[in-house]
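Make the full structure from the sequences, and use the hints.
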Amino acid sequence: MKSRSATDTGEPALTTDAREALEGAGISRRDFLKGSGALIVTFSVAPRVAGAPAQPSPLVLGAARDRVDSWIAVTEDGRVTAYTGKSELGQGLFTAQMQLIAEELVVPISRVTLVQCDTAITPDQGTTSGSQSHPENFNHSNLAQAAATAREALFRLASARLGLPVDQLTARDGTISATTDPARRVGYGELVGGRKFDIPLDERATRRPRSAWTVLGTSVPRAEIPAMVTGQFEFVHTVRVPGMLHGQVIRPPEVGAKLTGVDEGSVRGMAGLVKVVVKKDFVGVVAEKPWQAIQVARRLKTTWTSGVGLPDQAGIAEYLRKQESRDSLVVDSKDVDATITGAAAEVKATYFYPYQVHGSMGTSCAVADVQRDRATIWSATQATHPLRHTVAAVLGLPPENVRVIFRLGSGCYGVNGADTVSYDAALLSQAVGKPVRVQLLRKDEMAWENFGIAYVVDQRVGLDAEGNILAWDYEAWTPTLGGRPGYRTPGNVITGSLVGFEPEEFTPLTPAPEPTGRLRNRSNAAPPYVAGCVGGQCGGTGIVKSERVLTHTVRSPFWTGSLRSPARLQNTFAHECFMDELAARAKADPVAYRLRHLSDPRLREALAAVAKAANWDSRPSPRTDGRRTGIAAGRGVACVLYEGENGYSAMVAEVEVDQDTGATTVKRMVVSIDCGPISNPNGLKNQVEGGALQGASRALLEEMTWDDTKVTSIDWRTLKTWSLASAVPAIESVLIDRPDAEANGAGETSITVAAAAIANAIFDATGVRLRQAPFTPERVKAALAARPVT
Amino acid sequence: MSAISLTVNGRSYTVDVDPATPLLYVLSDELQLRGPKFGCGLAQCGACTVIVRGQAIRSCVTPVRTVAGADITTVEGLGTIDHPHPLQRAFIEEQAAQCGFCLNGVILNAKAFLDRNPKATDEQIERAMAGVLCRCFANVRMLRAIKRYAREMGA
Numbered sequence: 001m002k003s004r005s006a007t008d009t010g011e012p013a014l015t016t017d018a019r020e021a022l023e024g025a026g027i028s029r030r031d032f033l034k035g036s037g038a039l040i041v042t043f044s045v046a047p048r049v050a051g052a053p054a055q056p057s058p059l060v061l062g063a064a065r066d067r068v069d070s071w072i073a074v075t076e077d078g079r080v081t082a083y084t085g086k087s088e089l090g091q092g093l094f095t096a097q098m099q100l101i102a103e104e105l106v107v108p109i110s111r112v113t114l115v116q117c118d119t120a121i122t123p124d125q126g127t128t129s130g131s132q133s134h135p136e137n138f139n140h141s142n143l144a145q146a147a148a149t150a151r152e153a154l155f156r157l158a159s160a161r162l163g164l165p166v167d168q169l170t171a172r173d174g175t176i177s178a179t180t181d182p183a184r185r186v187g188y189g190e191l192v193g194g195r196k197f198d199i200p201l202d203e204r205a206t207r208r209p210r211s212a213w214t215v216l217g218t219s220v221p222r223a224e225i226p227a228m229v230t231g232q233f234e235f236v237h238t239v240r241v242p243g244m245l246h247g248q249v250i251r252p253p254e255v256g257a258k259l260t261g262v263d264e265g266s267v268r269g270m271a272g273l274v275k276v277v278v279k280k281d282f283v284g285v286v287a288e289k290p291w292q293a294i295q296v297a298r299r300l301k302t303t304w305t306s307g308v309g310l311p312d313q314a315g316i317a318e319y320l321r322k323q324e325s326r327d328s329l330v331v332d333s334k335d336v337d338a339t340i341t342g343a344a345a346e347v348k349a350t351y352f353y354p355y356q357v358h359g360s361m362g363t364s365c366a367v368a369d370v371q372r373d374r375a376t377i378w379s380a381t382q383a384t385h386p387l388r389h390t391v392a393a394v395l396g397l398p399p400e401n402v403r404v405i406f407r408l409g410s411g412c413y414g415v416n417g418a419d420t421v422s423y424d425a426a427l428l429s430q431a432v433g434k435p436v437r438v439q440l441l442r443k444d445e446m447a448w449e450n451f452g453i454a455y456v457v458d459q460r461v462g463l464d465a466e467g468n469i470l471a472w473d474y475e476a477w478t479p480t481l482g483g484r485p486g487y488r489t490p491g492n493v494i495t496g497s498l499v500g501f502e503p504e505e506f507t508p509l510t511p512a513p514e515p516t517g518r519l520r521n522r523s524n525a526a527p528p529y530v531a532g533c534v535g536g537q538c539g540g541t542g543i544v545k546s547e548r549v550l551t552h553t554v555r556s557p558f559w560t561g562s563l564r565s566p567a568r569l570q571n572t573f574a575h576e577c578f579m580d581e582l583a584a585r586a587k588a589d590p591v592a593y594r595l596r597h598l599s600d601p602r603l604r605e606a607l608a609a610v611a612k613a614a615n616w617d618s619r620p621s622p623r624t625d626g627r628r629t630g631i632a633a634g635r636g637v638a639c640v641l642y643e644g645e646n647g648y649s650a651m652v653a654e655v656e657v658d659q660d661t662g663a664t665t666v667k668r669m670v671v672s673i674d675c676g677p678i679s680n681p682n683g684l685k686n687q688v689e690g691g692a693l694q695g696a697s698r699a700l701l702e703e704m705t706w707d708d709t710k711v712t713s714i715d716w717r718t719l720k721t722w723s724l725a726s727a728v729p730a731i732e733s734v735l736i737d738r739p740d741a742e743a744n745g746a747g748e749t750s751i752t753v754a755a756a757a758i759a760n761a762i763f764d765a766t767g768v769r770l771r772q773a774p775f776t777p778e779r780v781k782a783a784l785a786a787r788p789v790t
Numbered sequence: 001m002s003a004i005s006l007t008v009n010g011r012s013y014t015v016d017v018d019p020a021t022p023l024l025y026v027l028s029d030e031l032q033l034r035g036p037k038f039g040c041g042l043a044q045c046g047a048c049t050v051i052v053r054g055q056a057i058r059s060c061v062t063p064v065r066t067v068a069g070a071d072i073t074t075v076e077g078l079g080t081i082d083h084p085h086p087l088q089r090a091f092i093e094e095q096a097a098q099c100g101f102c103l104n105g106v107i108l109n110a111k112a113f114l115d116r117n118p119k120a121t122d123e124q125i126e127r128a129m130a131g132v133l134c135r136c137f138a139n140v141r142m143l144r145a146i147k148r149y150a151r152e153m154g155a
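These protein sequence lines map, in sequence, to chains A and B.
With this note's numbering, the residue at position 19 of the first sequence is 19, and numbering never jumps.
With this note's numbering, the residue at position 104 of the second sequence is 104, and numbering never jumps.
Some clues are possibly wrong.
As the list claims (entries may be wrong) - For lysine-lysine, the following BS3-like pairs were computed, each having C-alpha atoms within a straight-line distance of at most 27 angstroms:
1) Lys720/A / Lys667/A
2) Lys720/A / Lys710/A
3) Lys720/A / Lys147/B
4) Lys334/A / Lys301/A
5) Lys587/A / Lys348/A
6) Lys443/A / Lys720/A
7) Lys119/B / Lys196/A
8) Lys667/A / Lys147/B
Read the hints as simulated data drawn from the structure, not as lab findings.
Printed below as a string of structure tokens:
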């Protein structure tokens, strides 16, 4: 009906994107298959089996990242097709990359086609994660550099054609003309259309300067939104392949339980049942229709051993401290103990951040078409190329026979179930020899995802008589188990583990090796206020030179993974709350006190800019009106240089705390952000707003929970989150454009500072310091009740 | 299995399914519509919302037999990419989306509410969105888009 799958034409399969790109480029499928034209890839065509859908056989011919043709093709009509290995995830990257190509090649955006993340077509750029897409593709390598190289190549060709030196030529709308005589002109299509550039990326090729930008740097609307709001957009959830069946999985009832039996008789004869699939501890069912698959999965009787048992949730912080650990040292000036001993005062505090849940709005989904020796997977993975290798391992196929095609999923915020469900669909499709779609049930998504990590942080400083920091000692414990599968480790997620793959090995290591080379900030373990001196070079953002930063990573009882701003958020919560405590102790204004300890000019400016925009009430915290009942209002601040090098943000949060109920309402959030040159201002604002609110929801409400055998936060009743009816704050963004700086990450900075800014605002309002998130009404009320009587 | 007749976005369909099947699966699998989505299957998030008899309902928990013969509107039934409904247009103009998965539920809940309450205050609009989630937290823009449409409608 509305199928747009790759195999619905009965011809050798192409993705919708690829086909549209080809057709839009005026290249016929026939030419494509002959390997002619501007194309960079071809497919070998497997012999057709009667009645079976054709299978693409990917055979990448030169998607090497150092060749311009891997990234850019210009067709005879002058259209530009670009290929990227960084995907849209809801962050607006697809449109921003379209802008980049239009800008560098000086063509209208309407004449750009972008193909994203398909292992048969696009360059391998690893994983779209870690706020790395803006730095990787918008600076001086990869997509941006390929586009700049292509533009310069076009200028050289035009110079030869028009008999004029390059510096007397001007590009406009896909045409290059003599600057003084626009009638002397030649179009890109005439210069290179239908042929390859056949040149390497030129590291000397010059990006168009920020001052010349007309497309990049402007608020081009997101390309997907019109189709999304009208229900036309193809998510991975709406990929339909002819003959597709539907699968469901049966996960263990307890963490660590092993399968002891499957009673297939319990579902025999059920409507639509195609097959019960068992492989080691993996159990799944395939049925003709999705609802049938759910019914069968519910009815299927399986037996399991007991689980491994889980530590008491209330004692998780102490549990983490007691485990064998792998230690890493970010900095150690060797004088911290002596400095603190000799200081006027020593201050200590411990912070705890809980395990949290990605909780994608739509549960994870994938479609797999696995035939005898080859497979095609439609997946919302953040890592198409790595996933190709791990799917191949799970299926026992060579990686070159696996094609992974990206389709946007529900916002993932990190390692949701996108990879694991790709394995689920692949295993079930392999078992039945037909395409299978799997969309997880809510409980299976939320009980078995790779959770955001808990953190226990002990902070300790030595202060001088004025309250200035002389030495900072940080020691943290954080759990790990699994994570992104990468190219080699399918056992890092539940399905890979169930079929027998091991998660990444955990090797204890104590003591930590001495840090060498330049400062590696290790997910903001280093506080913003230390100098970060390693080997005589100081790479930190602060001035405190007596410094020790030690992290103990321990084995987690649960799967863990990168949840938006992984570890950076948790560390920033601990640093920025502790800094607030120190400012209060020194009776100093929290902004001024921070500025006293910061050396990095851009971080100082981000902080100053947000204070100015928020009309910051400069005074020490807490407020001193002394009322202990009713509504108390306060403001708090926090700042970060993400990962110590990848984007600046500062936030002022204004809250009201109901001292009778403990309920916190965030009234206003003002957020500054500096990510270098801004590619799309409105898109950046959207990221700042979403990050701030998601950070607030996580800070105030969200906590993954478990009992003695299993995870118990498995739906939207057992995991609290804000709905659209919740009282969300007004948000103001302060965008700091840096035309001459490198492009930095932008998607994870505002969320990083939210919990600390809110906790500091609660302190300002009430005098109560919350050192454990989330700041639920119960927790706030208990802390209020424990206030000393004055 | 039994034959059930449905009217979806003004078109008539007859499907042969288990009458207990939730409407969502019929819309997304049998009719291959892309608008209504499975978010939780528990009527907790709104992603599966459709409008039946003027009410926004959660199609993931609505047996198809209970809506046989009724007029069902999905988000596809409001407008098209070239001619979006004014509410859809407001979302485009406000760029009120991130991943976009929740949009179906957000738009249809707002539509059903404002159809019945065209003069709703901002506060009433916000209250009406209870039980509708956006995990990217594009809340501010979405509420702005809905209120913009409400104002345009009232003007």
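Against the structure, the hints:
1. Lys720/A / Lys667/A: Holds, at roughly 19 angstroms.
2. Lys720/A / Lys710/A: holds, 18 angstroms
3. Lys720/A / Lys147/B: Distance ~26 angstroms between Lys720/A and Lys147/B Cα, so the pair holds.
4. Lys334/A / Lys301/A: Violated: Lys334/A and Lys301/A sit about 60 angstroms apart, past 27 angstroms.
5. Lys587/A / Lys348/A: holds, 17 angstroms
6. Lys443/A / Lys720/A: holds, 15 angstroms
7. Lys119/B / Lys196/A: violated, 60 angstroms
8. Lys667/A / Lys147/B: holds, 19 angstroms
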